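J.: Here's the letter readout for the chains.
Number of protein chains: 2
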Amino acid sequence: MAHPFVSLTPGTLLAPVPAVMVSCALPGQKPNIVTIAWAGTINSDPPMCSISVRKERFSHDIIRDSGEFVINLCGQEQLKGMDFCGVKSGRDTDKFAACGFAPVPVPGFTAPAVGECPLYLACRVTSVQELGSHDLFLGKVEQMGVRPDLIDEAGRIDFGKARLVAYNHGNYYALGEALGFFGYSVAAPDVLERRMKQLKSGK
Amino acid sequence: MAHPFVSLTPGTLLAPVPAVMVSCALPGQKPNIVTIAWAGTINSDPPMCSISVRKERFSHDIIRDSGEFVINLCGQEQLKGMDFCGVKSGRDTDKFAACGFAPVPVPGFTAPAVGECPLYLACRVTSVQELGSHDLFLGKVEQMGVRPDLIDEAGRIDFGKARLVAYNHGNYYALGEALGFFGYSVAAPDVLERRMKQLKSGK
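Listed in order, the protein sequences are those of chains V and U.
For what it's worth, the numbering used here labels the leading residue of the first sequence as 1, then goes sequentially.
For what it's worth, the numbering used here labels the leading residue of the second sequence as 1001, then goes sequentially.
Heads up, a few of these hints could be off.
With a straight-line cut-off of 20 angstroms between C-alpha atoms, the simulated DMTMM-like cross-links for lysine to aspartate or glutamate are [stated by the list, open to error]:
1. K140(V) x E1116(U)
2. K80(V) x E1193(U)
3. K1080(U) x E1130(U)
4. K80(V) x D1190(U)
5. K1055(U) x D45(V)
6. K1088(U) x D1061(U)
Rather than coming from a laboratory, the hints here were simulated on the basis of the structure.
Since the model is a prediction, treat every value here as computed from it, not as a measurement.
Start from the sequences, fold in the hints, and give me the full structure.
T.: In structure tokens:
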């Protein structure tokens, strides 16, 4: 078989990735927001996340010195502000004010959550690793909160309502058609039919 | 202002995240595929990725002992196989054969890429960190390849054609409407209009 791939210079082409706002603060100072696409879940038990931040970003030293960061998931309603927080610097802009975002206290944290966002994960830094252009911060999720309007009658989080945004090679996208659920490829026919129907109806 | 968030038990709710197939192999043995959602870009220069793998997964020791892993981005056409590779174990299933995937050699790597996937990033492991349920593998991207049909007349990669899949809280989604490009919130009106038109037309 012929080699079907065209070789490329190595780059950052893993996609789609999340696009999240990371809020941070030092005691007695204005909080800041930095937009991050190099973010992910790295452990399930205990729940842990990582974010990678360029050393020259204003938020870098705040996160390093405070030892905490708050990941705010981003819905379509927050997209313009999220993009803005990715291009402007907290050195000369109060991003909460400029975007009209409400800083909301997180129990035990100096950094506030972004009040308009669907869900936040407040993380305590466990390590910082220098990788080159970015420093990799690992953190343990210590507090998590969800916007009340995303909880349905049954007490479950309705993630569809969050209208989350994905980042794909320089562009932001809505999540589109639901294609399947984890395990759908081996599900029994009746389970598959029932759950796919639920999924397509947005439940 | 009242606290607008409902507190939740900390969990792995960062979303959307990528859903990728990671291929791996030891010399002289059949290659394996494991599906990973705890994956991300962690550094731009040099390009680096991380994946988190449970110790009990068959691929865990293969990746640790070989010191390499290949991230294969997943399009809608590969979704059923990708889901299958997340629920079955390579201990008792030849996943390349079961899914009809072609193992394609990657220069300098023992692990093959998945021939059907839009793009692969072959990574050399630089560290392994025990976090609890998962081990975090960091890797440097050393080889990257793209399917030739994704390269357009101008020699650029047409990422829209890849039809990548996102993972959002247990379900797989197509990428939907294009909402903006990095920097759109501060773009000049003429740039904004031109680029949004391009984006909406899928270019």
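J.: A separate judgement is required for each hint: does it hold in the structure or not?
T.: Structure-based check of each hint:
{"no.": "1", "hint": "K140(V) x E1116(U)", "verdict": "violated, 36 angstroms"}
{"no.": "2", "hint": "K80(V) x E1193(U)", "verdict": "holds, 15 angstroms"}
{"no.": "3", "hint": "K1080(U) x E1130(U)", "verdict": "violated, 30 angstroms"}
{"no.": "4", "hint": "K80(V) x D1190(U)", "verdict": "holds, 17 angstroms"}
{"no.": "5", "hint": "K1055(U) x D45(V)", "verdict": "holds, 13 angstroms"}
{"no.": "6", "hint": "K1088(U) x D1061(U)", "verdict": "holds, 16 angstroms"}
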